Amino acid sequence: MSLLKVEGLSKHYEGRRGIFDRLTGAKHTVVRAVNEINLTVEKGEILGLIGESGCGKSTLGRAILRLHEPTRGEVTFDGTEVTALDAAALKAMRRRMQIIFQDPYACLNPRRTVAEIVGLPLKLHGLAANDAELREKVAAICAKVGLKPGQIDRYPHQFSGGQRQRIGIARALISHPEFIVCDEPVSALDVSIQAQIIALLLELKREMGLTYLFISHDISVIGYLADRVAVMYLGEIVEMGPVEQILANPRHPYTQSLMSAVPEVDHAGRNKRIRLAGDLPSPLNPPKGCKFHTRCPLAIDACRSQQPGAETVGPGHTAACHRLAENLSLLDETQA
Amino acid sequence: MKDALLEVRDLRTVFETRAGRICAVDGVSVAVRRGECLGIVGESGSGKSVTFASVMGLVKAPGRIESGTIVFDGRDLRGLSPRQMRAVRGRDIAMTMQDALTALNPALSVGEQIAEVLEAHDETLPARGAARRKAIRKASIEMLGLVGIPSAETRLRQYPHEFSGGMRQRIMIAIALACRPKLLIADEPTTALDVTIQAQVLELISDIRAKLGMSVALITHDLGVVAEHCDRVMVMYAGQVVEEGPTTEVIGAPKHPYTQGLLASIPRPALRGQPIHPIEGQVPDLIGLAPQCRFYSRCTQRREACLAPVEMRAAGPAHNARCILIGGDEE
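Sequences listed follow chains A and B, in order.
First residue of the first sequence: 1, per full-length UniProt numbering; consecutive thereafter.
First residue of the second sequence: 1, per full-length UniProt numbering; consecutive thereafter.
Don't take every hint at face value.
[Unchecked claim] Estimated spans, in silico, between C-beta atoms of each pair:
| no. | chain 1 | residue 1 | chain 2 | residue 2 | range |
| --- | --- | --- | --- | --- | --- |
| 1 | B | Gly213 | A | Gly25 | 30 to 38 Å |
| 2 | B | Leu108 | A | Val30 | 52 to 60 Å |
| 3 | A | Asp103 | B | Ala87 | 35 to 43 Å |
| 4 | B | Gln274 | A | Leu328 | 27 to 35 Å |
| 5 | A | Gly126 | B | Thr191 | 42 to 50 Å |
| 6 | A | Ser53 | B | Ala107 | 40 to 48 Å |
| 7 | B | Leu307 | A | Gly278 | 31 to 39 Å |
It should be emphasised that the hints constitute simulated quantities derived from the structure, not laboratory data.
On a predicted model such as this, the values are computed, not experimentally measured, just so you know.
Even glycine gets a Cβ: it sits at the ideal position worked out from N, Cα and C.
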């Protein structure tokens, strides 16, 4: 059984209606940030979630933890339906499901010391009998993430970005969770520091038997560390499968263009670039049919009217595209 | 250097702060040749942006250029008066900033912001009246077309907030290029953008460079971007140049342990299943630096000789690096 199962999960935001809209009976504008997502995460694996800004990947991560209350759908964690829990039960569940945030400058309270920040989950969940035990546990986890013992009474502003991210990781890990949403944990960091944090996250995963949902916009990072990948576009998963499959044989035209757009040190000048026209459409007014059709070079009439469903294209590999059967690849087409 | 459009020598830019003196740019020499794209790579605080802000004469108090020469197209820029410098800036050298939303004026329409540059610098325009306005409008529309913004005529009337991130970056490029500068300094032009948009913007810069024959100094922290778009690359660390040379050589066979470490620590699919080897430690504090090699504390190959100041050494015909291991005597 999967550790985490997400079924039909949606998070919609309703726009505010002004007095004019109410008088004229205008409908609410709805942003479908996350729409009908189905996915599973197996125990001990890293599921990479990739997409461009505004595609809903962070919202999905937060909706899974109910940091944003989902509009519809079910999240089941280790046999318990998270979406059905009451406040007290949810709080208890949060000990087992944690999150590491993207911005190490914004996610730490500037008025608390490291010891207070990292120790808070222990207090909230009653995991330390007394102050001495609490401090001991904080010191132990801080040492594990690479902070020096003398640093735990300092404040966040006394640390660099990489060090702060280590504090955020210590806070997520101190309650010994089983599952962690890593929401772009390295994208705010310099290259040499990124590598340090990635190495640390992989080491902790091995040591503590963790499961990650790793959100990133960086295909190189996902390609390096994930076991499976889900590709999101405008609130929906367009392709999902084992990472080797997705890298070697991406089937959705969006995945293909995303892959070709990444500048890589290894393939300078060799990879053919697919030029996507235009920007991500506004999620306020998403295109009908396949949401990618406005930018897709392969779009046909069916793509403009009907939304494609996810089809299996290989072992554990699904994609949602009307033209899968034709086995087209943008990569071939642009070369011709 | 022969056919250099911009030649900076021994530039030293310091900031006097309450905590002490910060030498953000410490003896940097850099040349940009005519028509080439030079990549400048480094982490935050390495001095890459301050180097080019110094070239543009944009360093403000408490910062100042302490020493060095900046020669552009045969003229010494440091000897120019503020008025003369204003005439160079925007016309001969233009710069785009990392964050287009803060760099553009939110209260002026995009058309007004492009027109501003033309008004200030373009001497080919009619002197006054309707003819001048018409010519400016025509040139502005042409610029938006050049950077790939559709329906330019209506877009000119819009304000920065009405454009997406990629479009704003294009507008900034359009403003920078309005007077056909000889050198474009692009400071992290794609850092805030998504990969598909990043690809569009970088290709646009390459296309225009070829079309207008201009030189580009591309400041970035992404070695992948450099590998694909730059002819030569310069790697900076803690205020100094640590390695420079043709892109293929520097990326294919890096000589400085920092460049080697950077390349080895980029997580990429080719390294799946293998541990990555991050560079341990952090960039040193720029206040009160010892004269030693600045990478000393993080270097896996450090030795006693590194505690003396290290000069740039030739690692190939056009390839230099600041490491004592180069030149054979220590290998």
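Quiz item: Within 40 to 48 Å or not, the Cβ separation of Ser53/A and Ala107/B?
Solution: Given a distance of about 26 Å, which is not inside 40 to 48 Å, the answer is violated.
For this session: Could you say whether the range 42 to 50 Å given as a hint is met by the Cβ separation of Gly126/A and Thr191/B?
Result: 44 Å, holds
Holds or violated: 27 to 35 Å for the Cβ distance of Gln274/B and Leu328/A?
34 Å, holds
**Prompt:** Is 30 to 38 Å a correct range for the gap between the Cβ atoms of Gly213/B and Gly25/A?
**Reply:** 60 Å, violated
Q) Can the suggested window of 35 to 43 Å be confirmed for the beta-carbon pair Asp103/A and Ala87/B? A) With Cβ atoms ~41 Å apart, the hint holds.
Could you say whether the range 52 to 60 Å given as a hint is met by the Cβ separation of Leu108/B and Val30/A? The hint (52 to 60 Å, Cβ to Cβ) is violated, given that Leu108/B and Val30/A are roughly 34 Å apart.
task = Confirm or reject the claim that Leu307/B and Gly278/A have a C-beta distance inside 31 to 39 Å.
result = 55 Å, violated
Checked against the numbered hints given earlier, this structure breaks hints 1, 2, 6 and 7; the rest are met.
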